[in-house]
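Respectively, the protein sequence lines represent chains A and B.
So for the first sequence, our numbering puts the first residue at -10; every next one is plus one.
So for the second sequence, our numbering puts the first residue at -10; every next one is plus one.
None of these hints come from the bench; they were simulated from the model.
Only a predicted model underlies this, so the values are computations on that prediction, with no experimental measurement involved.
Check the hints yourself; a few may be wrong.
If several chains are the same, the list does not tell them apart, and a pair holds so long as it fits within one copy or across any two.
[Claimed, not checked] The calculated lysine-lysine pairs, modelled on DSS-like cross-linking and capped at a C-alpha distance of 25 Å, are:
| no. | residue 1 | residue 2 |
| --- | --- | --- |
| 1 | K186 | K62 |
| 2 | K62 | K108 |
| 3 | K134 | K186 |
| 4 | K11 | K134 |
| 5 | K139 | K108 |
| 6 | K134 | K72 |
| 7 | K108 | K186 |
| 8 | K186 | K139 |
| 9 | K11 | K72 |
| 10 | K72 | K62 |
| 11 | K72 | K186 |
| 12 | K139 | K178 |
Protein chains: 2
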Amino acid sequence: MNTTRAHIHSQKFGIVRADRNKQRGHQSFVVWFTGLSGSGKSTLANGLEAALHSRGVSTYTLDGDNTRMGINKDLDFSDQGRKENIRRVAEIANLMVDSGTVVISSYISPFIADRENAKAIIGTEDFIEVFVDCPLEICEQRDVKGLYEKARANLISNFTGISSPFEAPVNGDITVQTHLTSLEDCLQKILIAIENKLQL
Amino acid sequence: MNTTRAHIHSQKFGIVRADRNKQRGHQSFVVWFTGLSGSGKSTLANGLEAALHSRGVSTYTLDGDNTRMGINKDLDFSDQGRKENIRRVAEIANLMVDSGTVVISSYISPFIADRENAKAIIGTEDFIEVFVDCPLEICEQRDVKGLYEKARANLISNFTGISSPFEAPVNGDITVQTHLTSLEDCLQKILIAIENKLQL
Chain A
-10 MNTTRAHIHS QKFGIVRADR NKQRGHQSFV VWFTGLSGSG KSTLANGLEA
40 ALHSRGVSTY TLDGDNTRMG INKDLDFSDQ GRKENIRRVA EIANLMVDSG
90 TVVISSYISP FIADRENAKA IIGTEDFIEV FVDCPLEICE QRDVKGLYEK
140 ARANLISNFT GISSPFEAPV NGDITVQTHL TSLEDCLQKI LIAIENKLQL
Chain B
-10 MNTTRAHIHS QKFGIVRADR NKQRGHQSFV VWFTGLSGSG KSTLANGLEA
40 ALHSRGVSTY TLDGDNTRMG INKDLDFSDQ GRKENIRRVA EIANLMVDSG
90 TVVISSYISP FIADRENAKA IIGTEDFIEV FVDCPLEICE QRDVKGLYEK
140 ARANLISNFT GISSPFEAPV NGDITVQTHL TSLEDCLQKI LIAIENKLQL
């Protein structure tokens, strides 16, 4: 790289989202996964990020692992804590979209009002909701993290599906059913649905 | 772009920062500007982003405009509010570095403890502190936003330099003096200092 003066003199000041999108060669937006614990959100998010990355798309996945331990470590799992959790994640996703990144978010996000708030923050045109529609019984059978067992034993409070409701999307953009369809077919459905959104 | 199955089958799951850095062709880190209101932080941040963008670097600028109105709109300018403001900004910057972006942050960030906390969140090796060292008298003369006049008239409380302290960096990475040096020379100094950091 080059640090000669010429590079500074010729600058246009005030780089904006359109400049960043042009640099990356694609539009930026948010793919928002919602669904029960164990429904397959993280697996789909990882798969989608890998698929997009391999095509040269700038991606980032926001999930509980990198936000509950960091920016949202001061929040609990009460309704108010969940609401603020989703608000902040939406604001971060919005900044990342502005930075030119396709953001994949993977949160249970059980309340319609909170997802609507996220959509309002990010902007309807940049918010693609993917409902990972898997029945509670199947999620509970999978119980990948052993959380349902603990929730049934009252060792975890406010657990979505057990002691706290999940409000399914009414008019979601995409629905995938991980108990009926293979991971690859679910990913394929999502990739086809977002294909046009990527185009500059 | 192509959405055939082949693109899914060949995926490595779990894209990490090193993958994103490789894709972008450069390392990611934070350039953290600190200094009084009117010292020239925003101008330098804009200039730095434009210079890096023109060289193909993925950049994003975090500043009060895009965070105080969004994710941090619930915070005031008390010491506690400022502390939480800087903590959240540091956490967002950290996520963006993970996403492969060179983050330019432009905040007065007057307290050493808060900047040290930001450095701890982001990681010492990814945090470059730039002290925009401009005397209060000059900043007050410039008074670009008319804020010093209001602060002197007690219309704004907790105003850094007037009614709230600014703790200058003791061992900052880079210092620029916008009252003595041209914008271009200040930018040149910063660009030279971060040159090695960009290399993969």
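Hint check results:
For the homomeric pair K186 and K62, neither the shortest alpha-carbon distance inside one copy (33 Å) nor that between copies (30 Å) is at most 25 Å. Proximity of K62 to K108 under the C-alpha cut-off of 25 Å is found in both arrangements, the shortest distances being 23 Å within a copy and 18 Å between copies. In the homo-oligomer, the alpha carbons of K134 and K186 never lie at most 25 Å apart, since the shortest distance is 34 Å inside one protomer and 39 Å across protomers. For the homomeric pair K11 and K134, neither the shortest alpha-carbon distance inside one copy (41 Å) nor that between copies (32 Å) is at most 25 Å.
Taking the shortest alpha-carbon separations for K139 and K108, neither the intra-copy value of 32 Å nor the inter-copy value of 37 Å comes in at or below 25 Å. Taking the closest pair of Cα atoms, K134 and K72 come within 25 Å of each other only inside a single copy of the chain (23 Å); across copies the shortest separation is 35 Å, beyond that limit. Taking the shortest Cα distances, K108 and K186 sit within 25 Å of each other inside one copy (16 Å), while across copies they are farther apart (36 Å). Taking the shortest Cα distances, K186 and K139 never come within 25 Å of each other, neither inside one copy (40 Å) nor across copies (46 Å).
Taking the shortest alpha-carbon separations for K11 and K72, neither the intra-copy value of 34 Å nor the inter-copy value of 36 Å comes in at or below 25 Å. Within a single copy, K72 and K62 get their C-alpha atoms as close as 14 Å, and across copies as close as 15 Å, so both meet the 25 Å cut-off. In this assembly of identical chains, K72 and K186 lie within 25 Å of each other by CA distance neither inside one copy nor across copies; the values are 28 Å within and 38 Å between. In this assembly of identical chains, K139 and K178 lie within 25 Å of each other by CA distance neither inside one copy nor across copies; the values are 34 Å within and 57 Å between.
Figure legend: structure checked against the earlier numbered hints; hints not met, in rising order: 1, 3, 4, 5, 8, 9, 11 and 12.
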